[in-house]
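Fit chains Y and U to the supplied structure of chain V, relying on the hints for placement.
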Amino acid sequence: MKTSGRLDGLLFVLFFIIGLIACIWYLIRHDPGFLPLASEHGGFIDNLFVVTLIITGIVFILTHVLLVFFTFRYKGNGNGEKAFWYPDNKKLEIIWTIVPAVIIVALIVWGQVGWAKIFHTNPPDDAFVVEIVGEQFAWNIRYPGEDGEFGRTNPELITRTNPIGLDRTDPAAEDDIVVLNELRVPLDHPVLLKLRSKDVIHSVFLPNFRVKMDAVPGMTTTFSFKPTVEGEFDLLCAELCGLGHYRMRGYVVVQPMEELEVWLSEQREMN
Amino acid sequence: MTTAVKEKDKKTRIPGMPPGHGNGDGLGGWGGGMPHGNSNYSLPIHPAKLGLWLFIAASMMLFAAFTSAYIVRSGAGDWIRFGLPTVMWIGTGALILSSVTIQYALRAVKTGKEDVFRKALLLTGLLAAGFIAGQFTGWNSLRASGVYLETNASSSFFYMITVTHFVHLIGGAIALIFVTIKAMRGRYNKNNFLGLELCATYWHFLDALWVYLFVFLLVV
Amino acid sequence: MASEHAVGTVEHHKETFISKYVFSYDHKMIGKQYMITALVWALIGMALSWIMRIQLAYPAEQMPWLETVLGRYAEGGILAPEYYLAMMTMHGTIMVFFVLTAGLIGTFGNFLIPLQIGARDMAFPFINMLSYWTFFLASVIMLLSFFVESGPAAAGWTVYPPLSAIAAAIPGSGAGQTLWLLSIGVFIVSSLFGSLNYIVTVLNMRTKGMTMGRMPLTVWAIFIAAILGLLAFPVLLSGAIMLLLDKNLATSFFIPAGLYIGGELLSYEGGSPILWQHIFWFFGHPEVYIVALPALGICSEVIATYARKPLFGYKAMVASLLAIAFLSFIVWGHHMFVSGMNPFLGSVFVLTTILIAVPSAVKVFNWLATLWRGKLHFTPAMLFAIGLVSLFITGGLTGIFLGNAPIDIQLHDTYFVVAHFHFVMGAAALFGIFAGIYHWFPKMYGRMMNNTMGKLHFWLTFIGIYLIFFPMHFMGTTGVPRRYYAFTEFEYTMQYGGMNEFITIAALITGAAQIIFLINFFGSMYLGKKAERNPWNATSLEWTTDDPMPGHGNWKGEIPMVYRGPHQFSTPEGKEDYVMQSDNTGFEGLEREN
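Protein chains in written order, with our numbering: chain V, 1 to 271; chain Y, 1 to 220; chain U, 1 to 594.
Calculated from the structure, these hints are not laboratory results. A quick note: this is a predicted structure, and the numbers were derived from the prediction, not measured. Do not rely on the hints blindly, as some may be mistaken.
Said to hold, decoys possible - One-sided and incomplete, this derived list gives chain Y residues near chain U with beta-carbon spacing under 10 Å:
(1) L50
(2) F55
(3) A64
(4) S68
(5) N152
(6) M160
(7) T180
Stated by the list, open to error - For lysine to aspartate or glutamate, the following EDC-like pairs were computed, each having C-alpha atoms within a straight-line distance of at most 20 Å:
(8) V:K82 to U:E576
(9) V:K75 to U:E491
(10) V:K82 to U:D577
(11) U:K575 to V:E81
(12) V:K82 to U:E573
(13) V:K75 to U:E558
Even glycine gets a Cβ: it sits at the ideal position worked out from N, Cα and C.
Chain V extracted, bound-state conformation:
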């Protein structure tokens, strides 16, 4: 049995080097490709990403250098020539079990610190609360109004003009403001999103804010964050929700609290 392999070894080397150069060139041109960051906790996520990228990048290069080098270097002639007898080495195996385990546990612990900050801490009482109710294929955004409370809703009351079925007989509902696809949140102030859905599962995705949470029918999910950059951003759906999933577009506007309050009172008058 004869197999030529010099070319294959060389191709592995070439492919690896060219691929690596292309990759590094791309990373230098685009950073990792993050969208401009606009929230407080997002910095943590980006840092964790970059550190993970560096660690896994090193592992990737190391293992591939070995893989490619071995394939290049240790070509047999196919004449039944013997290889190096090396069936086992306990010490080596223990090392490469423990070292990855330690690195990985470190990453988890660090990750969990951030996870706890995002999810295991209650949002402050003065958080700016907004409700997002997903439907095929739009976002109904509700602000509680001056009383800070959302009025009752009832799906039986849903009409074209009352998309979330707001029960107007409830006093708390009187000053509720419902707008379509326009999420306005205050700058440098904690925001608490309450997510619901009228029909199927949607997912509120604010890529600039590193925010994503499913809006599940029959329950309310939450996500709290603090916007740090003024401007207009995208709101997308990240959970397959039907044929219009790809164009379920919303906007996020971050503006100082005072401006936001002016806008809210304008909306109230229009409502």
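Chains Y and U only, in chain V's frame:
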């Protein structure tokens, strides 16, 4: 040399399995027409028995999933409880008894009391029919009182779980009929009872599973 | 001797065309049936991915030929969004279930287990035959769903309700989804039959001397994957039954109250969509390893064989397979970090999930150590195995991003995930299949496949896979969501227009390169060079059969006895660079006493 092998084979042989051949397993060839002949390095259990136990394990996963989902779903606010019909208690009793009689039949055939064995087997069939009748009566009485599959999640679970168990039981009943016919023809004796043994194991599983499900439906 | 008697029966047994090629009991024929069926499915799945890729690269561009091919799915030459989603759903379903699950464990489980452990057939040949034909029935039902009026299922291969349960939400959730659930139900029964057989055969049918610790790694991997399948598939069955009832008989397991879909209020009560996700992923994560483990096992064996070295750390390799299998049952929540599941649960799942990286790392390092100072033979099988190692590293490392919950907030349901699972589950498992086919083809058909074509196939596929899927990481990092019909609605997703075109072209070329494989595969069946009994100088039992292409019963004479572990290459005491497992050198006279 060859004799040595045979001696060894005899020692490690599984009762009811001829050496090196899987056709006489009382399953009409289900156990395979190919020789085993390698029992030294195998588990000391007949392949058909092991296969049955694995099937039982898979079934248990199915019902574990059902009952876990039941627990989760019953936490939602809309859960309505309803009592189980009394006739199901009687059916449950019959099924437990049938488990006892089939075990009795198995013991009888092992000790060579073939007459007792056939009677016990027929009694098992009768009790099984009783359980089946009990299930149908129970379902009918529930539907008569307005409890349908789609009435409430609790009734959906009830029907789904009991019917899925019933589908398993149909399989057991067919095996039981098959075994009974063979028994009547005198195919089982104290050296050859694998088919009966498999049937009994499965029947015990159906029984234990039902008791678990019944208690679960009563309590949770 | 008992076996001699049995051999007689085999030889006198008259085989008709039907009993030999259709309702065959022979494990080798059943394995081939699985392989050919999976091959057909793979071509269908690939064609679907082409259609998707063309839509993503050239959205809203009229292509009249598309209407010719797809009919009303693409009226006016533009693929409709609901049918894009149907193509996507069917691509995922077909690839995961019918190609990677049935094609891998079905093909190699059946073909290899009896040959490698020294048995004449599986423990239950009849159930084995049923297993293939129930799989075939599942295939037929799934194919039928392409022809119902509302089109095939379109709610993704994960079929999350309520979308999957309510036809008003998406047309595919009508009859198409019902057929989908029925097909998967039948598929589960088939897989159960298969698993039963694999497990019992491995435990009960080994030849003399073949202890568990002497089994080739492929058998170990398939054995463990079969246990996973036995325990995981019934859970999916429970979910499928509940979803079917919700869909067609108005129960409310998964569908909550107060849904307002298509201008109508639905009459469901209090069900939980999250419950489905728990059930689905409790099955879904082991499923990943049902697919991956056999591929890893094949990779280990192929690497050892063509590196002419013993597999480094055989015990550690088996232990890591077991560890991965065990962990796979307690990690399902990592698919649900941002699903509304309790975040405390998320923390638990992070830990278990990332721990899987440890046994996976052990596997990679052991493969590298096996290659080190080997005498590598670059056959196509070896190339695919080396390629698998590379893909497994790439896909495994991106798993460390996704498994760490905070990063997953941003990356969940983006193209980063698409890249990750196509590397580690899709392409790696596919490479396992290819490595297996190139390696065992001589045993399957008694002829050799063409080496040059095999290498060309490898290089085009390997480079192609990287060109298709690696750029997706960048898209995902930016936050481009998956399952989008077009990227035209958002500015930041539009910037990837060029990249999408690039990926599509790469996908078309890589797909077309598979023609080389098909020509090689079917051509070699008839025109290939006649194979020797052991063309690769491998060590395991399947290479000891009397003919290069064994008949029913596998060995004409006695089944050989086993004296040593698998993968004994280049042993210091051996005369050649390999010692067969059945080689009794040093154990003379033991065969009758053992």
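Consistency of the hints with the structure:
1. Because the beta carbon of Y:L50 sits about 5 Å from the nearest beta carbon in chain U, less than 10 Å, this interface hint is met.
2. The beta carbon of Y:F55 comes within 6 Å of a beta carbon in chain U, closer than 10 Å, and the hint placing it at the interface holds.
3. Checking Y:A64 against chain U: minimum C-beta separation of about 8 Å stays under 10 Å; hint holds.
4. Proximity of Y:S68 to chain U holds as hinted, the smallest CB-CB distance being about 8 Å (cut-off 10 Å).
5. For Y:N152, the shortest C-beta to C-beta distance to chain U is roughly 7 Å, which falls under 10 Å, so the interface hint holds.
6. With its C-beta approaching chain U no nearer than about 7 Å, Y:M160 sits inside the 10 Å limit, and its interface hint holds.
7. The beta carbon of Y:T180 comes no nearer than 22 Å to any beta carbon in chain U, farther than 10 Å, and the hint placing it at the interface is violated.
8. The suggested pairing of V:K82 with U:E576 holds, with an alpha-carbon distance near 8 Å, which does not exceed 20 Å.
9. For a cut-off of 20 Å, the pair hint linking V:K75 to U:E491 is broken: about 50 Å separates their Cα positions.
10. Proximity of V:K82 to U:D577 is assessed by CA-CA distance (about 5 Å); at most 20 Å being required, the pair is judged to hold.
11. Between U:K575 and V:E81, the direct Cα distance comes to roughly 10 Å. Compliance with the 20 Å bound is thereby established for this hinted pair.
12. Our distance criterion of 20 Å between C-alpha atoms is met by V:K82 and U:E573, whose separation comes to about 11 Å.
13. Restraint check for V:K75 and U:E558: not satisfied, since their Cα atoms lie roughly 38 Å apart, outside the 20 Å limit.
Hint violations for this structure: numbers 7, 9, 13, all remaining hints satisfied.
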